[in-house]
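Add chain B to chain A, keeping to what the hints say.
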Amino acid sequence: MKLFEYQAKEAFAAAGIPVPASRLVTDPAQARAAAAEIGLPCVIKAQVLTGGRGKAGLIKLAKSPDEVTDIAARLLGDKSRVITRLLVEQAVDFVREVYLSITVDPPSGKVVIMACAEGGVDIEQLAATAPEKISRTLVDIDQGLQAFQIKNVVFALGLAGGETGKQAAAVVRNLYGVFRKLDAELTEINPLFVTTDGQVVAGDGKLSIDDNSLSRQPGYELSREYFDSDTEFEAAKDGIPYLQFDGDISLMCAGAGLTTTVFDLINYEGGSVANYLEFGGPNYRRAKEAMELCLKNDCKVLLIVTFGTIARADVMAEGVVAAMQALKPRVPIVTCIRGTNEEEATATLRAAGLTPLFDTEEAVRKAVALAAGGKS
Amino acid sequence: MSVYITRENKVLVQGMTGQEGSYWTKHMRELGTDVVFGVTPGKEGQAVDGVPVYHSIENGLKEHPADTAMLFVPPKFTKDAVFEALDAGILKVVTVAEGIPLHEMLQIRKAALACGAMVVGGNTSGVISAGEAMLGMFPYWISRVYTPGKIGVMTRSGSLTNEVTAEVVKAGFGLSTLVGVGGDQVPFTRFAEVLALFEADPATEAVVMVGELGGTMEEEVAEAIEAGEFTKPLVAFIGGRTAPEGKRMGHAGAIAAGGRGTAKGKAEALVRAGAGVAARPREVGPLLRQALGV
Numbered sequence: 001m002k003l004f005e006y007q008a009k010e011a012f013a014a015a016g017i018p019v020p021a022s023r024l025v026t027d028p029a030q031a032r033a034a035a036a037e038i039g040l041p042c043v044i045k046a047q048v049l050t051g052g053r054g055k056a057g058l059i060k061l062a063k064s065p066d067e068v069t070d071i072a073a074r075l076l077g078d079k080s081r082v083i084t085r086l087l088v089e090q091a092v093d094f095v096r097e098v099y100l101s102i103t104v105d106p107p108s109g110k111v112v113i114m115a116c117a118e119g120g121v122d123i124e125q126l127a128a129t130a131p132e133k134i135s136r137t138l139v140d141i142d143q144g145l146q147a148f149q150i151k152n153v154v155f156a157l158g159l160a161g162g163e164t165g166k167q168a169a170a171v172v173r174n175l176y177g178v179f180r181k182l183d184a185e186l187t188e189i190n191p192l193f194v195t196t197d198g199q200v201v202a203g204d205g206k207l208s209i210d211d212n213s214l215s216r217q218p219g220y221e222l223s224r225e226y227f228d229s230d231t232e233f234e235a236a237k238d239g240i241p242y243l244q245f246d247g248d249i250s251l252m253c254a255g256a257g258l259t260t261t262v263f264d265l266i267n268y269e270g271g272s273v274a275n276y277l278e279f280g281g282p283n284y285r286r287a288k289e290a291m292e293l294c295l296k297n298d299c300k301v302l303l304i305v306t307f308g309t310i311a312r313a314d315v316m317a318e319g320v321v322a323a324m325q326a327l328k329p330r331v332p333i334v335t336c337i338r339g340t341n342e343e344e345a346t347a348t349l350r351a352a353g354l355t356p357l358f359d360t361e362e363a364v365r366k367a368v369a370l371a372a373g374g375k376s
Numbered sequence: 001m002s003v004y005i006t007r008e009n010k011v012l013v014q015g016m017t018g019q020e021g022s023y024w025t026k027h028m029r030e031l032g033t034d035v036v037f038g039v040t041p042g043k044e045g046q047a048v049d050g051v052p053v054y055h056s057i058e059n060g061l062k063e064h065p066a067d068t069a070m071l072f073v074p075p076k077f078t079k080d081a082v083f084e085a086l087d088a089g090i091l092k093v094v095t096v097a098e099g100i101p102l103h104e105m106l107q108i109r110k111a112a113l114a115c116g117a118m119v120v121g122g123n124t125s126g127v128i129s130a131g132e133a134m135l136g137m138f139p140y141w142i143s144r145v146y147t148p149g150k151i152g153v154m155t156r157s158g159s160l161t162n163e164v165t166a167e168v169v170k171a172g173f174g175l176s177t178l179v180g181v182g183g184d185q186v187p188f189t190r191f192a193e194v195l196a197l198f199e200a201d202p203a204t205e206a207v208v209m210v211g212e213l214g215g216t217m218e219e220e221v222a223e224a225i226e227a228g229e230f231t232k233p234l235v236a237f238i239g240g241r242t243a244p245e246g247k248r249m250g251h252a253g254a255i256a257a258g259g260r261g262t263a264k265g266k267a268e269a270l271v272r273a274g275a276g277v278a279a280r281p282r283e284v285g286p287l288l289r290q291a292l293g294v
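Residue numbers (the numbering used here), protein chains in the order written: chain A, 1 to 376; chain B, 1 to 294.
In isolation and in its complexed conformation, chain A is listed as follows (with noise of 0.2 Å):
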């Protein structure tokens, strides 16, 4: 689960990292009182989870009260994307950037620290182009983070030494607390400022909780905000995978590989792709959520694909045609259920009406090609 900046700060605040001043406010005449209260300039972030937020013209700069509002105003009626709340944060006079995160190392099994003296830049392309500048330092979880280590990730950063040198250590050694304490899959501070007067602070925060161990971390809820659409965060209440697309092929299959391999074989086939949609393993009985799903989508088909064998065949068809007898979709249906049972399954679907294929590239083609007609 992706958090809000604000939130990343949140946690890192209660950890003792330090974050410039902030308020968090949902329409203009807040956020005018918010710079009142901060004092200018300051800077004005839109709280949404895509990356790239500079680039995209939703951080800005305000230096007077009515560039506050203006800009406040002209962000929450960004009528591109859903905005409903923006961090107004005291502007920060830096004198160098730095890149800090935390985040797995699966061949290991350790935490892995990354840390590079150039922030605020785009790490992932620094990483493709000049990896030799990133640091990364391995932690064993059940040693926890030792001071050896801490030094090290303060030299990679360039902060070694002085006032400045035993804040990053603080920061660092903060910052992988919250990594396990909420169970985080990725904590990220870029950029990391040094101020002009020597002090270290968290200009962005990034925060991602790992998803099976939200149960246990109960300050964290689902809520709409998360999600880009509706259907998305419906699903995750079902806990049905779900992705939103906007082409014309809504994707009904079990299996995470296999879907996506669907998902693959339309694009080569020159389809579109409606929603990802994966109703196997524990949800191999829930085809009517998944179908209700699927045609909330303004969809020209519906492509079933299966090849279950926990998840069987015969349960799977006979809760699609129970879902086709219940919702009564108006678009074609076209199924590739096989696996466990598959002679019962296919007996079911015929009973229906239905022309039950067997071959996944056969199917594929077919939806494609209903998709076409439908669009003439």
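Keep in mind that a hint or two might mislead.
[Said to hold, decoys possible] Which chain B residues face chain A? A few, computed with CB under 7 Å, are given here: (1) Leu61; (2) Arg109; (3) Gly158; (4) Leu160; (5) Glu163; (6) Val169; (7) Gly172; (8) Thr231; (9) Gly239; (10) Gly259.
Source of the hints: derived by calculation from the structure; they are not laboratory data. Even for Gly, the Cβ is constructed at its ideal location relative to N, Cα and C.
Frame of chain A; chain B shown alone:
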């Protein structure tokens, strides 16, 4: 012949009295797996399919030697169950649990590396040596998928593996062993580690790898081939070549970000290493025939 699980292995089953545990224990035994005892705390003295149950691995081992542990244990208790097995000196452990907390995954991976154990999973169907024995949940009676033969399979998926394996069988081949390393972000055993088993197995003539976007496991396989550590033919299918960056495609581990972990990058690395790479599942069979010269 096969790797990881054979009829010689003595298997203990943790969580054997549960619904899935009891159902799949019966099927594991039907195929030929030698299940020697089960473990469920509080249920010592009971039996499942004639196999005795003990409170702990320690108690069970007093009566029955074992070398392999199969876990049907919920994700919250998986770390504890794996540690109990490792603590008892068991060096092969398979866990099917989906939803293990990420930081506990690190602890499991690290503990396995530290004691030289091979823990397979989570979020997998398990390991099956076709026609011989299995650890996990495979409907081995579907011959279109589980025909015995000489091809080793390693995979991150379930249903997609059936799709690909059916193509392997259709091309006239069968399976030696299928190892599901699972769809999580931190697989406890990685593809390159399974590859070493297949390299050493005289009955495995070629390997099919079913990979997908996310992580670095497929790149590590390309490196192993380039370093001469794996010398048999390998054919790969990588799902998610048209997946958008930053989207998690079903599996927890299936996400590419910042240009890393893309299916395209993986396919390119494998082609450079000389592996056959199928763009579609149906190309796997012909590529395998070509690689084996049949």
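query: Which hints, by number, does the structure contradict?
result: 1, 6, 7, 8
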